[in-house]
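Line by line, the protein sequences give chains A and B.
Just so you know, we're using the working numbering here: the first sequence kicks off at 1 and counts up by one.
Just so you know, we're using the working numbering here: the second sequence kicks off at 1 and counts up by one.
Worth flagging that the hints you see were computed from the coordinates, not collected in a lab.
Positions of the beta carbon are idealized from the N, C-alpha and C atoms, including for glycine.
Warning: the hint list may mix true and false statements.
Selected chain B positions facing chain A (Cβ under 7 Å, derived; list incomplete) [unchecked claim]:
(1) Val6
(2) Gly66
(3) Phe78
(4) Leu195
(5) Ala243
(6) Gly281
(7) Ile284
(8) Leu312
(9) Ser316
(10) Val319
(11) Gly339
(12) Ala340
(13) Ala345
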Amino acid sequence: MGKCFKKIYRHVASLVIGGTGLILLLPALATAAGGGNIDMMVIVADTRGLPLFESWWANLYNESHVYFTVVTVILIPLIGVIFGTIADFFMKLIGLDLEHRELSEH
Amino acid sequence: MEWLYVLMPIAGVKIFWPGLIILGIGVGVIGGFFGMGGAWMVTPGLNILGFPMAFAIGTDIAHMAGKSLISTMRHGKFGNVDYKLGFIMLVGTIVGFEIGAQMVMWMERLGNVEKVVRYIYLVLLVLIAWMVFHDVLKKRQKDRAAIKAGKEVDALSTGIEWHKTLHKLKIPPMVHLNVAGIYCSAWLPIFVSFLTGWLAGILGIGGGLIRMPALIYFIGCPTHVAVGTDLFEVMISGLYGAATYSFKGRIELVAAIIMLMGAAIGAQIGSVATKYIKGYGIRIAFGLAVIGCALSILMKFIGKWYPAYGTLMDDSATVLILGLVSALSLYIILAFIKGAKAELARKNVTA
Chain A
1 MGKCFKKIYR
11 HVASLVIGGT
21 GLILLLPALA
31 TAAGGGNIDM
41 MVIVADTRGL
51 PLFESWWANL
61 YNESHVYFTV
71 VTVILIPLIG
81 VIFGTIADFF
91 MKLIGLDLEH
101 RELSEH
Chain B
1 MEWLYVLMPI
11 AGVKIFWPGL
21 IILGIGVGVI
31 GGFFGMGGAW
41 MVTPGLNILG
51 FPMAFAIGTD
61 IAHMAGKSLI
71 STMRHGKFGN
81 VDYKLGFIML
91 VGTIVGFEIG
101 AQMVMWMERL
111 GNVEKVVRYI
121 YLVLLVLIAW
131 MVFHDVLKKR
141 QKDRAAIKAG
151 KEVDALSTGI
161 EWHKTLHKLK
171 IPPMVHLNVA
181 GIYCSAWLPI
191 FVSFLTGWLA
201 GILGIGGGLI
211 RMPALIYFIG
221 CPTHVAVGTD
231 LFEVMISGLY
241 GAATYSFKGR
251 IELVAAIIML
261 MGAAIGAQIG
271 SVATKYIKGY
281 GIRIAFGLAV
291 IGCALSILMK
301 FIGKWYPAYG
311 TLMDDSATVL
321 ILGLVSALSL
331 YIILAFIKGA
341 KAELARKNVT
351 A
């Protein structure tokens, strides 16, 4: 009986996890983290007189929000890791132990 | 002084970049210390720096994802992140958030929802502040009683112990959350995250402010693990939000990158500072931050009730939020410096 229950619960758990994955993949439902409605007006970036990188970036924004999204989502964690590693390096340079925490209490 | 301003290619406005770095440091310190995204601090800050509101929220979320990643990396190395718990909670958070967001849209069709949302937010913040300080007082009472009885004060004791009752619910499947040191039904974190996600969806916030105390008081996480695990959640929801907002064209990546430069330093300071401050110290500081946040909302309410003081109250609320960010950042930075000095001194003695 217990095994049967465990099996059912495992199925339910996989269903919930699978369902969540599906929700994640549905862009129409993607309203999390900050939420709220955003006006549907179209904003076009003015690329005149921008330097090379910024001009490419603004053009990417104007041409395709899909590519813009893909590049943004790749760049943010990448830059986070780079900056985090640099800051880590300087913290270690001070001589702090960045691997252990001695205090153990609630 | 033209060099102090940088042109945002998408929004088309020139922004004072040292202001972005300072904001990044402040919110990085607080986020890394308390385990939250801090949208309630950044959005008004960005707005003051001259960002159009349409871009302020998206840019904030984009930087939040990167900043939380840095903090999660650091907390992960300290052993403060329970990834298993984080993944389980992600299920409830996302489902709850979607339902909350859909409910807001449904309520919007019925009438003015903004007022109701603000009331709920205010009540919730008061409740969280009460929970934190009630817990602190109870813990002090217990410690005093132990000293009176001639016993040693238990470092692992807590004031509020609701989680112990909740752990008695043995609904399978049961899970061992080794980092948090918890054995409970998997449905407990799923249900708690669903509830916090639902509230975050209704309130239109990231949810760190609600999830951190929920992890402590309902699931029973030690404070440091609650901070680390919450940051892991914020990182994933931030990335998800960044994808959403960039798809809608409301992100200014240049500003997010500049803020990340400051946040990288701030997040490291905030995360490492948790090494030197006891769990209850973090809880008290968190409680004060919640009180400040509640007061700022109350000021906005007063501005609405008495329109003659509307501008004054709105400005005062912004000043309060920014003052709170500065004061808390200063407290954490000083704790970090003091702790680091003591650690280096100890190292020198043993060397």
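Verification of the hints:
1. Contact between Val6 of chain B and chain A, as hinted, is not supported at the beta carbon level, the nearest pair being about 10 Å apart and thus beyond 7 Å.
2. Taken as an interface hint, Gly66 of chain B checks out: its beta carbon lies about 3 Å from the nearest beta carbon of chain A, inside 7 Å.
3. For Phe78 of chain B, the suggested interface contact is upheld, since its CB lies about 4 Å from the closest CB of chain A, less than 7 Å.
4. For Leu195 of chain B, the interface hint is violated, the least distance from its beta-carbon to any beta-carbon of chain A being 15 Å, above 7 Å.
5. Evaluation of the Ala243 of chain B hint against chain A yields a held restraint, the C-beta minimum of about 5 Å falling below 7 Å.
6. Given the 7 Å rule on beta carbons, the hint for Gly281 of chain B is violated: about 10 Å separates it from the nearest Cβ of chain A.
7. Hint status for Ile284 of chain B relative to chain A: violated, with the closest Cβ pair at about 13 Å, above 7 Å.
8. A least Cβ separation of about 26 Å between Leu312 of chain B and chain A goes past the 7 Å threshold, and the interface hint is therefore violated.
9. Nearest Cβ of chain A to the Cβ of Ser316 of chain B: about 24 Å, over the 7 Å cut. The hint is violated.
10. Using the Cβ-Cβ criterion of 7 Å, the hint placing Val319 of chain B at the interface with chain A is not satisfied: the shortest such distance is roughly 24 Å.
11. Given hint, Gly339 of chain B at the interface with chain A, is violated; its Cβ is 9 Å from that chain's nearest Cβ, farther than 7 Å.
12. For the restraint placing Ala340 of chain B at the interface with chain A, the shortest Cβ-Cβ distance is roughly 6 Å, inside the 7 Å limit, so the hint holds.
13. Of the supplied interface hints, the one on Ala345 of chain B is violated, with its beta-carbon coming no nearer than about 11 Å to a beta-carbon of chain A, more than 7 Å.
Of the numbered hints stated above, those contradicted by the structure are hints 1, 4, 6, 7, 8, 9, 10, 11, 13, listed in ascending order.
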